[in-house]
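Asks: Each chain is listed here by its residues.
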Amino acid sequence: MKTIEELMAIRDNAKKKMTVREDTGDDCTRVIVGMATCGIAAGARPVLNAFVDEIAKRGLHHVTVSQTGCIGMCQYEPIVEVMEPGKEKITYVKMTPEKAVKVVNEHLVNGNPIVDFTVGAATK
Amino acid sequence: MRELSLNVLDIAQNSIAAGAACIRIEVLEDTKAHTLVLGIYDDGCGMTDEQVQRVLDPFYTTRTTRKVGMGIPLFRLAAQQTGGDLEISSKVGIGTSVRATFHTDNVDCTPLGDMASTMCTLITMNTDRQFLYRHRVDGREFVLDTAELTALLEGVPLSDPAVAQWLRDFIRENTESLYKGETYEND
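Just so you know, the sequences run in chain order Z and C. For the first sequence, our numbering gives the first residue as 9, with consecutive numbering after it. For the second sequence, our numbering gives the first residue as 2, with consecutive numbering after it.
These are calculated hints, taken from the structure and not from any lab test. Only a predicted model underlies this, so the values are computations on that prediction, with no experimental measurement involved. Each hint should be verified, as a subset may be incorrect.
[As the list claims (entries may be wrong)] In silico SDA-like links for lysine to any residue, alpha-carbon gap of 25 Å or less: (1) Z:K10 to C:K33; (2) Z:K10 to C:M2; (3) Z:K23 to C:D170; (4) Z:K24 to C:P158; (5) Z:K102 to C:S118; (6) Z:K107 to C:A163; (7) C:K181 to Z:M9; (8) Z:K110 to C:S160; (9) Z:K24 to C:T128; (10) Z:K10 to C:Q54; (11) Z:K25 to C:K181; (12) Z:K107 to C:M2; (13) Z:K10 to C:S160; (14) Z:K23 to C:L150; (15) Z:K24 to C:A148; (16) Z:K110 to C:T176; (17) C:K33 to C:A148; (18) Z:K10 to C:G182; (19) Z:K10 to C:T128; (20) Z:K10 to C:T176; (21) Z:K10 to C:R25; (22) Z:K10 to C:R135; (23) Z:K24 to C:L150; (24) Z:K24 to C:E155; (25) Z:K25 to C:A148; (26) Z:K24 to C:S160.
Input sequences plus hints: build the corresponding full structure.
Replies: And the structure:
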């Protein structure tokens with residue numbers, strides 16, 4: 009059973025890391041998940057969870073996960089945008105938790121966007 | 002929507018868009034009466050009577066009320082197909098209440114699903130808002146106030162991945178206890 013004591017231990021651990029992270033500032037990579045009615049109905053919630061879990065597992069402190077509303081291509085939901093500083097935005101479509109894990113490892117860790125999952129590949 | 006918890010996630014987004022500072026989410030289950038009441042209450046900008054009437058229409062969208070579209074009609078449909086209903090009331094400048102009643106013994110009742118994921122997503126993605134969560138199963142209850150967690154975290158954000166994972170498991174385990182007949186103890 010999860011306890012408040014465990015949360016306090018997590019807090020103390022996070023505090024140590026926070027001082028390091030403040031130096032990185034604008035170098036953050038942003039992962040944005042579409043969470044409007046269309047996205048949620050198509051399965052955005054487990055996709056978002058998969059990103060959060062895998063990013064935590066890999067210890068990627070420079071990556072933040074956030075949500076947005078309808079991106080305007082409801083038929084391609086769940087849609088995830090990855091914005092890296094100084095690079096072009098990559099839009100992934102029809103995402104699944106399995107694909108999310110691959111994107112974290114291939115794109116965010118190794119630096120190779122997965123072209124097959126992008127909106128460009130889907131609309132060809 | 003495959004789970005009612007997804008409807009809750011969706012409706013709560015309206016509260017976020019309405020600029021609510023505090024959002025209260027309630028799951029009230031009565032296993033003997035076979036009823037489930039889901040409530041989303043916010044202190045956001047609210048709506049006029051005319052807007053309240055219109056949000057029930059799935060094909061009503063304008064630029065100014067773009068935050069409402071299919072969400073409320075889908076939630077109402079999910080309630081009505083079990084013989085229940087959805088009530089919505091709102092006052093400009095005060096806030097909005099959405100309350101849906103479900104008859105869980107109806108074959109068309111969508112399962113509640115993963116409320117822990119819904120709450121965790123809402124809380125960690127909107128750390129600038131206060132969430133009050135109450136899940137009651139018969140006489141047993143689990144309550145969570147993010148203001149208490151924020152105070153405890155001393156500046157560490159609720160969006161911290163390790164905190165988020167703890168939170169999801171914390172809500173999930175306490176919810177499971179409710180169904181097992183155990184009482185939540187806040188210690």
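Asks: So, for every hint listed, does it hold in this structure?
Replies: We went through each hint and held it up to the structure:
1. Z:K10 to C:K33: violated, 29 Å
2. Z:K10 to C:M2: violated, 30 Å
3. Z:K23 to C:D170: Within the cut-off at roughly 21 Å; holds.
4. Z:K24 to C:P158: Measuring from Cα to Cα gives roughly 13 Å; hence the hint holds.
5. Z:K102 to C:S118: Measuring from Cα to Cα gives roughly 20 Å; hence the hint holds.
6. Z:K107 to C:A163: Within the cut-off at roughly 22 Å; holds.
7. C:K181 to Z:M9: holds, 14 Å
8. Z:K110 to C:S160: The given pair, whose Cα atoms are some 22 Å apart, holds under the 25 Å limit.
9. Z:K24 to C:T128: Within the cut-off at roughly 20 Å; holds.
10. Z:K10 to C:Q54: Outside the cut-off at roughly 43 Å; violated.
11. Z:K25 to C:K181: violated, 38 Å
12. Z:K107 to C:M2: holds, 21 Å
13. Z:K10 to C:S160: With a Cα-Cα distance of about 18 Å, the restraint between K10 (chain Z) and S160 (chain C) holds, given a limit of 25 Å.
14. Z:K23 to C:L150: holds, 15 Å
15. Z:K24 to C:A148: It holds: about 23 Å lies between the C-alpha atoms, which stays within 25 Å.
16. Z:K110 to C:T176: With a Cα-Cα distance of about 31 Å, the restraint between K110 (chain Z) and T176 (chain C) is violated, given a limit of 25 Å.
17. C:K33 to C:A148: Roughly 33 Å separates the two Cα atoms, so the pair is violated.
18. Z:K10 to C:G182: holds, 18 Å
19. Z:K10 to C:T128: Since the Cα atoms of K10 (chain Z) and T128 (chain C) sit roughly 21 Å apart, the hinted pair holds (cutoff 25 Å).
20. Z:K10 to C:T176: holds, 12 Å
21. Z:K10 to C:R25: With a Cα-Cα distance of about 23 Å, the restraint between K10 (chain Z) and R25 (chain C) holds, given a limit of 25 Å.
22. Z:K10 to C:R135: holds, 18 Å
23. Z:K24 to C:L150: holds, 19 Å
24. Z:K24 to C:E155: Holds - the C-alpha atoms of E155 (chain C) and K24 (chain Z) are around 13 Å apart, at most 25 Å.
25. Z:K25 to C:A148: holds, 23 Å
26. Z:K24 to C:S160: holds, 16 Å
Of the hints listed earlier, those the structure fails to meet are numbers 1, 2, 10, 11, 16 and 17, in rising order.
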